[in-house]
Structures are given as C-alpha cells and as structure tokens.
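Undergrad: Residue numbers (full-length UniProt numbering), protein chains in the order written: chain A, 1 to 761; chain B, 1 to 575.
None of these hints come from the bench; they were simulated from the model.
Yeah, the Cβ is synthetic: ideal placement off N, Cα and C, and Gly gets one too.
Be a bit skeptical, because a hint or two may be false.
[Stated by the list, open to error] Here are the computed lysine-lysine pairs in the DSBU-like style, where the Cα-Cα straight-line distance is at most 30 Å: (1) 365(B) with 708(A); (2) 432(B) with 642(A); (3) 365(B) with 590(A); (4) 432(B) with 646(A); (5) 403(B) with 712(A); (6) 391(B) with 590(A); (7) 642(A) with 391(B); (8) 582(A) with 646(A); (9) 408(B) with 642(A); (10) 639(A) with 365(B); (11) 687(A) with 632(A).
[What the hints assert, rightly or not] Computed, partial: chain A to chain B, Cβ under 7 Å: (12) 498; (13) 515; (14) 519; (15) 585; (16) 587.
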Amino acid sequence: MAHVTGDWNPLGQVFYRKQEIYSMGWRDIDLDKFVVAAAPYGGPIALIRDETKLVRVQGSIRPVIYIYTSSGREISSIRWNSGHVIHLGWSCSEELLCVQEDGSVLVYDIFGQFKRTFSMGTEAKEMKVRDCRIFNSHQGTGLAVMTSSYRIFMVNNVDEPRIRRMADVPGLDAPPSSWVVISQDRQSRVLLARENDLYLLDHGGQYSRQLAPVSQQVEAYTEMAVSFNNKYLALFTNTGLLWIGSSDLERAYCEFDTKCPQRPKQLAWCGTGAIVGYWENILLMVGPGKDYVKYNVDSTVHLVPELDGLRILSNYSHEFLHKVPSECCGVVFKMGSIEPGAMLYEASREFQNGSPKADEYIRMIQDRLQVAVDQCIQAAGCEHEPTTQRMLLRAASFGKCFLSDMNPEPFVRMCRMLRVLNSVRDFTIGIPLSCAQHPFFMPHRLVLRRQYPLAIRICQYLKMPDAEGVSRILAHWACYKNLVKSKTVSSAPLPTVYTVVMHLKEKLTLGDFLMTIRNLPTAQSLYLQYCKEQNREMLQDLYYQEDNFQESANCRVMDSYNETRMDERLRALQQAQEAYTKARNEFAAKVTEEQVRLLKYQMRLEEELKRPYLDLSLHDTISQLTTEGNHKLAEQLRKEFKVPDKRFWWLKIQALAEGSDWAELDRFAKSKKSPIGYEPFIDVCLKHQNRYEANKYVGRIADPAKVKAYIKIGNLEQAAETAMQQRSEEDLNLVLSKCTSSHRVLAEKISTMKAQLSSKK
Amino acid sequence: MAASHLSGGRVNLAILREAARKELLECLDKCDGTKAVVWDEQLTGPFGLIAEYSLLKEHEVDKMFQLRPGRMPAANVNNIIFLCRPKLALMEIVAQNILKEEETGGSRKEFHIFFVPRKSLLCEQKLKELGVYGTFSNVDEYTLDLIPFDSDLLSMEIDSTFRDCYLEDDMTSMYYAAKSLMSVQALYGIIPTVCGKGDCARHVADMMLRMRRELAGTEPQITPQIDCLLLLDRTVDLMTPLPTQLTYEGLIDEIFGINNTSVKLPPEKFASSKQQTGGPQEMPTEPKKLVLNSAEELYAEARDRNFHAIGPLLSRKAKLISAQFEERHGAKTVGEIKQFVSRLPHMQAAKISLANHTTIAEMIKEVTDSDHFMESLTVQQEFLNGIDTDKVNPYIEDCIARKEPIIKILRLVCIQSVANNGMKQKTLDYYKREILQNPNDISYVFSGYAPLSVRLAQFLARPGWRSIEEVLRILPGPTFEEAQRIPVGLRKKRTSVGGGSESPKVTLVYFLGGVTYAEIAALRFLSQQEDSLSDYIIATTKIINGHTWLEGLMDTLCPAPFPDSSSTSKSKGRR
C-alpha cells in the first residue's frame with residue numbers, strides 16, 4: 001500500500017488531499033456533452049444533454065434525464081416530454097428540480113416519479129426564464145430565476161413556494177456579468193455584478209451598491225462563488241484576478257493573480273478553506289494565504305461543493321478533495337510527526353509485528369496516552385479506506401489497554417459511525433458521506449432509495465427508537481409494497497400494520513385514507529378497533545361508508561346508554577331503530593322500538609307515582625308495580641308488551657311473595673289454573689320463610705310431585721303417608737333418606753310401610 | 001415458589017419459566033436504585049407464577065401497587081415501574097398516576113413503563129397525547145407470552161382472544177401466539193411438523209413460518225424436543241366449552257374459578273383445620289387460597305377424573321394415610337423409628353392435602369346434588385343427544401323467569417343452538433325477547449361426550465387426518481400440514497419404526513381462543529393410554545370455561561344516570 005500521505009498536497013500550513021472514492025459505474029458517458037446536476041451530501045447525479053453542444057442526430061428526439069448514484073449506477077431515467085429545461089438541480093430532500101423556460105418547476109423523486117409542480121409566477125412565464133440558481137436557504141432549498149428582462153424572482157423553500165420579487169438593478173439592460181444568491185441572517189439576497197459595479201438586492205425592493213473590494217482597476221466581475229456555509233465569497237475578474245473574502249464583502253483575505261483572464265468553467269469552494277477554479281485541463285486551488293495547488297485533469301469534470309470539501313466528478317472517477325484535519329490525520333500520518341498519536345500508531349504496528357519496539361514507543365508517550373488514543377480515534381473517522389480505519393482503530397484499542405480509566409464511549413461511537421458510513425458508502429448504495437457530513441445522514445435517505453433492509457439494520461444498529469426508526473421505515477416499505485400488492489399488509493406483523501395505518505392517516509386526506517384502507521382488511525379492522533375505543537363519531541362514519549347498518553345500530557344502542565339526558569338517549573335509540581330497519585333486522589328494530597316505548601312509559605310512571613322506574617327492565621317494572629300493589633298498571637304493561645303467560649305467573653308470584661302479599665297470592669292461585677304448576681308457589685313462600693302459606697298449596701300439586709312438596713315444607717310424616725298412598729317404594733326411600741336422628745319414630749314407621757308394600761306385591 | 005412441578009414432563013417446561021424470570025430481572029435491572037412496581041391487575045396472577053416477591057425484593061423492589069386511577073400510594077423510591085398490558089384505557093390511568101405524582105413533588109423519581117407482552121405504537125401515541133411520554137426514562141416491553149402452568153400445560157392468559165379474533169377481526173393475539181411459538185422453538189428446537197385446523201391456526205402458522213425465515217440462520221442449534229405442533233381454532237369445536245365440565249378440576253373451575261392455577265375458596269369451611277401454615281395473622285374472612293398443580297400428589301391423581309370417582313378415591317387415600325400413621329406402633333428399633341420420623345413431613349403434607357380436597361369435594365357435592373344443577377345437567381344431556389333441540393325449551397324459559405344468571409341461560413341457549421346446528425329464527429327471537437324483557441346483570445368428561453377438539457388430536461396421532469378428510473371438510477376453516485426443515489445434524493435419531501423401545505412423540509397442541517380443563521383432562525387421558533403414540537403438551541391463549549368464555553363475548557351496558565331527574569336519585573337513596 002502506498003503511504004497514506006501519498007496524495008497529500010501542502011497549501012500553506014495545511015495539507016489537502018484528493019482521493020478517489022469511486023470509479024464510475026456508468027459507461028460511455030462524456031460529461032462534456034451533458035449538463036450535470038449533483039446533489040450535496042453525496043446525493044444522486046442527474047444528467048441531461050447539453051443542447052448548446054448538441055450533436056446533430058436524425059429526426060427530433062425528446063431529451064432524456066438520467067439519474068445516477070454518486071457511484072455512477074443508474075437509478076432511473078425520465079423521458080422528457082414537457083417544456084424546455086433551463087436548469088436542473090436537487091433539493092435538500094433529494095428531489096430533482098427541473099426548471100423550465102416558462103418558469104414552471106417540475107419536481108421528481110430519484111426514481112423519476114413525478115411528484116409535484118409549482119410556478120415562479122406569471123411574469124416569469126410571460127418573459128421566459130433565462131437563468132437560474134438553486135441555493136441552501138435557512139428554510140431548506142431555495143430557487144431564484146432571472147427572466148429575460150433581467151428581473152429576479154425567488155422562493156426560499158421549494159417545499160412551500162412563496163414567490164418574492166427582488167429589487168430591480170437600475171439601468172440593467174443587458175445580461176449581468178455574474179450573480180449569486182447569498183443566504184445569511186435568515187434572509188436571502190442576490191449579489192449581482194453589472195460590469196464592475198456590485199449590487200446587493202433584497203426582496204423588500206431595496207438595493208445597495210457595494211464598494212469595489214478589489215484593489216486594482218477591473219472592468220467586470222465575470223464569476224462569483226459563495227461557500228457552502230454562505231460565509232465566504234470569491235470573485236473572479238476579467239483581468240484574471242481572484243478575490244477571496246467574506247460574503248458581506250467586509251473582509252478581504254487575499255487577491256491572487258491567476259494570469260488567466262479567461263472566465264473559469266466553474267468556480268467552487270472546497271469546504272471553507274480554499275477556492276477551486278476549473279479551466280480546460282486544469283484545476284487551480286487557491287488558499288486564503290495566496291498559496292495554491294494545481295491539478296491537471298485530462299477530461300471534462302464537474303465540481304460539487306460540499307460542507308467540508310469538494311467532489312470532483314469525471315467520466316471515469318469520482319474524487320473528493322478536502323483538507324486533511326490537522327488535529328488528527330495530520331498529526332498521526334505527517335512525515336516525521338512526533339505527536340503522541342503518531343507514536344501510538346507506530347507502537348501498534350510494531351506490536352502487530354511482534355517487535356519489542358512497541359514498548360519503547362508506548363513509554364515515550366506514556367503520560368500523553370489519552371491524547372494519543374483520541375487522535376487515533378478521530379483520525380480513523382477521517383479516513384475513507386476501511387483498511388486504514390481499521391489500523392487506526394486497532395492502534396487506539398491498543399493504547400486503551402494502557403489506560404485504566406478510559407471512557408470507552410468515543411471509541412464505540414466512532415466504530416458505530418464508521419460501520420454505518422462504510423455501509424452507505426458502498427458502491428451499491430453510493431452515498432459517499434464524509435465524517436463531517438455524518439450528522440446529515442438519515443435512514444430516510446435509504447428509504448428514498450428503497451433500500452429498506454439496510455435502513456432497518458442501521459436503525460436497529462444505532463438503537464433508534466422504533467417509532468422513529470424501524471416502524472417508520474416498515475411503514476414506508478409497506479406503503480410502497482401496497483402499491484404493488486395489498487396482501488402484504490394482511491400477513492405483516494401487527495405493529496407494522498398499525499404503523500402503516502397511522503402513517504397513511506397522517507399522509508392522506510380523510511377521504512383518501514378511508515378509501516385506501518378499505519382495500520386492506522387487516523388495517524381496516526384495526527382502525528375500526530381503534531375508533532371503537534377512541535373515536536365513536538368516526539366509527540359511525542366508517543359504518544356508514546360500508547353500509548354496515550347492523551353494526552351502526554349496535555353502536556348507537558351502546559352509545560345511548562352513555563347519554564345522560566333522556567331526550568338524547570331516546571334520540572340515539574330511535575337512530576338505532578332506523579338503522580336496524582335499514583339492515584332488515586326487523587326483530588332488533590322492533591325490540592328497540594319497544595325499549596323506547598318502555599322508557600317513555602317509565603317516565604310517565606315516575607311522574608304519576610313519584611317513584612323510580614327508569615332503566616328497570618320490563619320484567620322488573622311489572623314486578624315492582626306488583627309488589628307495590630298496582631296490579632292494574634302491571635296488567636296494562638303485560639298486555640302492551642305481550643309478556644308470555646308462564647313468565648308472567650313466575651313474575652307475579654315472586655313479586656307478591658316479595659311484598660308479603662299472601663292474600664293476593666292466594667287469590668291469584670285460585671284465579672285460574674297455573675301454567676307453571678304449584679311448586680313455584682311453595683318455593684316462593686319457603687323463600688320468604690312462610691311455611692304456613694306454603695302448606696296451602698301442597699294440595700293443589702299433582703300427585704307424582706306431592707311427596708317432594710311435603711319434603712320441601714318439612715312435613716315428612718305427610719310425605720311418608722302420601723308415598724304410602726301412592727305405593728311408591730322409591731318415594732318412601734327418599735323420605736327415609738331425609739330422616740335424621742330426631743325422626744326415629746317416623747323412620748321406624750316408614751320401614752314398616754316398606755315391609756307392607758313389599759309383602760303386598 | 002418451587003417450580004419442580006414444571007420439570008416432571010417429557011419436555012422440561014421449567015426452562016421456559018427460568019427464561020421468563022431472567023428477562024424480568026433484566027428489565028428490573030435497567031432501572032438503578034430502589035423501585036416500586038405498579039401492576040396492571042390482570043398481570044399479577046401470571047407474574048406470580050414467574051417470580052416470587054422475595055426475588056423481586058433482591059432486585060430492590062420495595063413496594064408493589066395495583067394500577068388504579070387517581071393518585072398512587074406514596075413510596076420513597078428512586079424508580080416507579082409500570083408493568084401493564086398495551087391497552088389504551090390503561091394508558092389514561094398511567095398518565096393520571098404520573099401527573100398526580102409529579103404534582104405532589106417530593107423526591108425526584110424516574111418513571112419506566114414495560115408493556116407485557118409487546119409494546120404498542122397506539123399506546124405510545126396515547127401516552128404522547130396525554131403528555132407523559134417524555135417523562136419515561138424507559139419505554140420497553142417484557143415478553144411474557146406462554147406461562148408454564150404445569151409440566152404439560154402452558155397458557156398466555158389473554159382474556160379476549162376469541163372475541164378479538166372472531167368478533168373484532170383483530171388478530172393481535174394471534175401475533176402474540178406466533179411469537180410465543182418462536183420463544184418455545186428457541187428453547188426446545190424447531191418443531192418439524194406443524195398441523196392445524198381453522199383460519200386463526202392458518203394465520204398463526206403463516207406468521208410463525210415467516211418469523212423463522214426472518215431469523216435466517218440465527219436460530220439456536222437445538223435438537224427438537226417437540227415432534228409435532230397441532231394448532232386448533234376454538235371455532236373448530238364450539239360445543240365443548242359450553243356444557244358443565246364434570247371432571248374434578250373442571251368442576252372446581254366451574255364453581256369457584258381457577259385463576260393462574262390457584263383457587264379462592266370460602267374460608268369458613270376451612271376454619272377448623274388448624275394445621276394450616278397460614279399463621280395467626282390470617283383473617284378468617286379472607287378467602288382461602290389453594291395452589292392447584294401436579295406438585296400435589298393427590299391432586300395430580302384426582303383432577304382429571306370424573307367427579308363420581310372422587311369420593312372413592314378420597315376414602316381410599318384416607319385409609320392409606322391412617323395405615324401409614326399406624327405404622328408407628330410397629331416401629332420397634334431406633335432405626336425403624338427414625339425411618340418413620342423421616343417420612344412424617346411427607347405424610348403430614350398428604351394429610352393436609354387430603355383434608356383440603358375432602359372439604360372441596362364436599363362443597364362441590366353440595367352444588368352437584370342441588371336440584372338446579374341436576375335439572376340443568378339433564379337439559380344439557382338432552383341437547384347433546386339431540387333431543388328437542390328445535391323448539392323453545394321450557395327449562396330455559398323457567399330460568400329466564402326465575403332470573404337465573406344470564407350466562408347460565410346463554411350457555412344453555414348456545415348448547416341448544418350448536419347441537420341443532422343453528423336455531424330457527426323464531427325460536428332465537430323468542431329467547432332474545434324473553435331475555436331482553438328480563439335481563440339479569442350479572443359430559444367421561446361430560447359423561448358420555450368426547451370433545452371434538454381432542455378427537456382431532458387423537459386422529460392426528462393415528463391413523464392421521466387423511467382418514468377423516470370428509471369430517472374435516474365440514475368443520476370451519478382451512479386444514480393444513482407443513483414441514484419445517486431442520487439441519488440434518490439436529491434431527492432426532494429414531495429407532496426404526498416398529499421398534500418397541502421407541503418413546504412416543506411429543507405433540508404440542510395449541511388451542512387458539514381458549515381451552516377447558518375437561519379438554520386438558522381428555523388429552524392427558526390420551527397420553528396415559530398404554531398404546532399412546534404421543535405425549536401431549538397443551539398450550540393455549542387462555543384457560544376457559546363456558547362461563548368465562550361467554551363473559552368475554554358480552555358487553556356490559558350500564559345506563560348512565562340522568563342527573564336532572566332528582567326524584568329518582570332521592571328515592572333510590574332511601575331504599
């Protein structure tokens with residue numbers, strides 16, 4: 001392996017390095033013939049034929065937009081059949097923005113699916129757009145267009161477009177020499193050069209002319225570039241002068257003479273520490289201290305500024321140019337470094353070779369071991385190559401052995417982060433994030449790429465809470481899958497189904513949501529369950545949608561019980577009755593109607609008798625009326641609600657016994673033949689400990705049951721007599737079994753009877 | 001509590017308990033310092049079978065409360081841990097507890113919540129809505145699925161399974177069932193054959209097979225200890241839970257209710273027996289609690305018998321014990337006396353056990369001898385034999401008129417309906433009307449009728465379901481048989497077929513939607529047959545009887561009081 005510092009170049013006090021991160025997976029792509037748009041944070045690349053360089057072909061063909069990963073794998077392509085595309089760019093949520101000449105912006109996802117469109121206003125539409133800038137604003141991704149009348153319109157957030165017109169530049173009647181958008185202090189302004197005049201425009205209609213920052217006389221600022229964080233600015237003049245300073249033009253860092261008056265093809269910041277200009281076959285990097293590095297390039301390249309460096313795309317490779325962090329990699333790998341990290345790294349290597357020198361190195365840095373370990377851990381984070389990462393981590397882990405109270409957290413965190421970064425940097429995924437960009441990685445980006453399994457594994461690995469991590473991803477997955485096949489949901493694990501339901505509910509309008517889950521039976525029944533507990537109104541809507549009148553009615557009946565006002569309760573019951581009728585459940589409709597009638601009846605009773613009857617059952621109402629001696633009212637109810645004879649008899653004798661109305665009971669028994677026999681009369685009397693009354697009814701009992709009745713009222717002698725009369729040995733035995741020690745005489749008598757019976761046989 | 005009764009079977013179920021204990025302690029140890037545990041009432045029973053209080057105490061659990069609305073009792077602890085089922089209604093109580101506690105101020109406490117057996121997104125959402133989600137330092141789950149009840153019996157103890165699956169189309173509990181099978185397979189190896197009958201069974205099998213695919217290679221390398229899994233839907237056999245069970249254990253459950261292997265009995269019957277270990281502080285008003293499992297020798301022998309056989313059994317045991325006590329007179333030498341003394345504790349335990357069961361048997365007999373019981377049983381038998389199932393039954397009418405418990409009535413109506421393969425609309429409407437006008441809130445095993453569910457298990461063992469295809473077609477839901485591939489190295493080395501030494505297969509019968517003690521008894525009976533081809537382990541979502549089963553299907557409606565009718569409330573107060 002070549003030494004790690006092989007690709008390092010000094011730029012003043014610091015080093016820069018240019019590393020290849022991918023060799024491009026695309027074939028036969030000549031960037032020279034394309035307009036290139038690459039998303040920041042290692043995002044996707046979009047290509048469209050550059051019409052100004054159009055090669056003559058037969059017939060007219062529609063242009064095609066190709067979308068690739070950073071590693072050059074094709075994700076999708078869009079056959080363009082809309083208007084003339086002026087500009088391509090990406091939003092921070094990795095949506096492709098296609099700006100058309102008529103000012104409309106078409107938004108696509110990375111799979112080439114059309115998502116939405118918005119317009120930059122009627123003026124842009126009428127006047128036609130001639131130029132466009134896409135920039136990072138404080139609200140997300142902003143977009144500014146310049147019309148052919150040199151007026152600029154801007155939106156600060158493409159997700160919620162609100163068009164603002166920028167101030168006019170006085171007397172601008174030709175294309176400006178150059179312009180950029182600077183977004184600072186929660187405001188986006190345009191810096192525009194008319195020849196050698198600089199104007200700062202804002203959307204409040206204000207413009208201010210800026211003092212020329214350059215010390216020499218120039219005719220025009222032909223190119224400008226703002227750093228990724230909007231803090232620094234570079235201006236290029238027609239004399240070949242490169243000015244570097246702060247974006248508010250307050251401070252100048254240096255002026256560098258490139259000795260090349262030709263305007264660069266691209267001017268881009270490399271992080272915040274250097275500016276890179278691209279001319280045919282040459283990349284020139286200039287630092288704030290007038291130091292410079294020159295790289296030769298042999299084919300067309302495209303520069304993509306990043307937070308901490310610059311990505312360089314070419315036909316065959318994808319490189320990353322960035323500053324070597326001086327506090328870690330710098331000190332560990334720098335030639336002849338005697339920093340503790342470098343020593344520890346050496347010690348670890350010697351140790352792996354089995355050399356005792358390891359010990360010497362460790363001794364040299366013994367009291368700075370903690371620093372050494374930290375440096376190695378940090379250095380590992382800056383390395384792209386897993387082998388180098390591993391060597392550094394091994395060194396850190398080796399150093400840890402000599403520290404007794406080391407906090408393992410940074411080491412663990414670094415290992416974890418590197419695993420995640422390496423997995424998304426993988427060629428097949430193609431998101432080349434650097435360590436500094438790590439906080440901008442979201443599993444969501446994998447979801448956008450439909451890399452569900454990896455996204456889930458990463459969430460689990462990072463121990464993200466399920467609700468934000470795994471479940472969410474599964475929900476996306478399930479939604480995506482459902483487009484294909486709704487069956488997925490029916491056998492998916494339930495937590496996922498719930499997540500899907502909640503997710504859909506959030507994303508869709510209520511109507512769409514209800515229509516969608518109709519096709520997902522499992523999801524729908526879960527949602528019904530949820531509504532039953534949490535949202536009764538919605539439940540009714542759902543039943544209504546499904547024409548499920550039966551359930552709707554059931555639900556109304558249940559709800560009626562919770563109403564605390566009589567009119568409300570009656571109303572709910574009447575609704576239930578109507579629904580039952582619609583459900584063709586005549587029986588249920590009828591009994592619901594009866595319940596309504598009963599409630600009304602009970603209300604009347606309460607008023608007349610000043611006693612509570614409400615919410616008693618029909619049976620209990622009649623029963624209570626009977627106990628209270630209101631036999632007429634009871635009879636009326638019995639007729640109206642058609643209480644069957646048998647049950648009415650049961651009811652009445654129980655109620656009379658309850659009210660100790662023995663005389664009435666007697667009268668009732670004699671009124672006509674009991675449909676339930678006369679045992680119940682005995683039972684109710686005995687229940688109220690009235691053996692005397694019970695005795696009255698024994699005579700009315702049919703013969704076979706008489707013996708048992710006598711036993712019940714405790715008259716064993718009569719029982720024995722009766723059994724004897726009926727010549728039933730079985731009954732005699734039954735009576736005998738009830739005899740206790742106090743019935744010795746009777747017992748003997750029964751034995752005699754039994755003997756008589758058997759002798760007569 | 002000892003767990004020796006779990007390890008007595010062909011498959012050692014104590015391992016399952018051990019695993020559950022370990023996980024519980026891991027959960028507790030996530031919270032540093034002293035703890036108070038707030039229990040969802042429904043969980044205390046099952047947890048009692050997993051871990052005893054002393055064990056929790058070792059892990060700094062100082063206080064235990066039941067989850068109740070309002071303010072929880074004061075506790076000077078570092079952590080408050082909520083253990084509850086993922087039910088939305090409970091979340092409101094939890095939130096109330098927390099808010100009240102924070103109002104009180106006092107020492108700062110950390111809050112944790114563990115859902116049993118699974119977290120639920122909806123509940124978490126609810127906690128967020130209630131504004132307490134952020135208060136928790138831990139929101140996690142404790143995966144307690146199958147709880148070992150005995151050496152051959154596992155239950156998830158989820159009440160609402162049948163209702164959820166068949167009334168509400170909510171398959172959550174089937175997901176738990178599939179998960180529980182994964183836990184079983186993680187401990188006892190992959191089960192090579194999976195058979196089943198019914199929609200839920202199919203669903204569980206599908207989920208289980210997929211879960212295994214998702215494990216892809218990370219499953220434990222264990223030789224299968226269970227040969228066959230039989231999944232049965234409760235809908236396959238709706239009749240069995242309905243008639244009154246007539247086994248000893250079944251009757252105890254019907255009359256007193258067995259919950260998590262223990263039964264609460266009226267204390268006055270036990271007042272005389274002084275040998276109890278209860279101690280002096282035990283109030284006589286508190287119900288007597290007995291644990292019922294195979295650890296008790298006598299119970300193991302008695303539980304699965306028809307109740308008629310219990311009397312003779314008990315008297316035989318009584319003779320045996322007194323004979324044993326008599327042996328002391330025969331003991332002459334010091335050695336013999338020593339031997340006798342060493343047997344004493346065992347004999348004492350046997351004596352107490354005998355006394356207890358004699359008391360229970362007496363209490364049961366009181367019930368079974370009553371006219372009501374006999375009449376009801378007669379009607380049940382008539383229905384089971386198909387007599388007069390197509391018309392309104394006078395006994396049921398009488399029960400309604402006498403305001404017998406609604407569930408008793410419904411049970412009879414259900415039996416009639418199932419026996420008649422559905423009821424005539426007219427008959428049904430008549431019953432409905434009768435009940436509506438007068439609501440009241442609240443078989444060897446069945447002497448001659450063998451449960452269909454158990455017959456299915458029996459036929460699976462021999463000669464196989466293929467022989468009863470016609471019958472299976474009549475029963476609801478799909479029938480299936482699947483094979484799970486097992487690495488060659490882990491397959492059981494079987495002696496050739498017909499080799500007499502071969503030990504019977506182990507079949508796990510999983511009842512989805514509940515199982516009754518009578519069915520358990522019948523399966524045990526099958527295992528005990530000499531020519532039995534299989535030993536059975538029984539798993540279920542819930543142990544049920546006709547009463548608890550129907551109860552779960554009911555909605556209790558309680559009318560809200562009308563605040564405006566003042567006369568009502570006044571006069572009600574007077575009565």
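Undergrad: Is the hint on residue 587(A) kept, meaning its closest Cβ partner in chain B is under 7 Å away?
TA: holds, 5 Å
Undergrad: Verify the proposed pairing of residue 642(A) with residue 391(B), using a straight-line Cα cut of 30 Å.
TA: holds, 20 Å
Undergrad: Would the hint linking residue 391(B) and residue 590(A) be met if the CA-CA limit is 30 Å?
TA: At roughly 22 Å apart (the allowed maximum being 30 Å), residue 590(A) and residue 391(B) satisfy the hint.
Undergrad: Holds or violated: is there a CB of chain B closer than 7 Å to the CB of residue 519(A)?
TA: violated, 15 Å
Undergrad: Hint check: residue 408(B) vs residue 642(A), CA-CA at most 30 Å. Holds or violated?
TA: holds, 25 Å
Undergrad: With chain B as the partner, please determine if residue 585(A) meets the hint condition of a C-beta pair closer than 7 Å.
TA: violated, 10 Å
Undergrad: For the pair supplied as a hint, residue 687(A) and residue 632(A), confirm whether the alpha-carbon distance does not exceed 30 Å.
TA: Holds, at roughly 26 Å.
Undergrad: Does residue 432(B) pair with residue 642(A) here, judged by a C-alpha cut-off of 30 Å?
TA: At roughly 14 Å apart (the allowed maximum being 30 Å), residue 642(A) and residue 432(B) satisfy the hint.
Undergrad: Would the hint linking residue 582(A) and residue 646(A) be met if the CA-CA limit is 30 Å?
TA: With Cα atoms ~34 Å apart, residue 582(A) and residue 646(A) exceed 30 Å; violated.
Undergrad: Once the shortest beta carbon distance from residue 515(A) to chain B is found, is it less than 7 Å?
TA: violated, 19 Å
Undergrad: Given the proposed pairing of residue 365(B) with residue 708(A), does the C-alpha separation stay at or below 30 Å?
TA: holds, 20 Å
Undergrad: Does residue 639(A) pair with residue 365(B) here, judged by a C-alpha cut-off of 30 Å?
TA: violated, 43 Å
Hint check: violations occur at hints 3, 8, 10, 13, 14 and 15; the rest are consistent with the structure.
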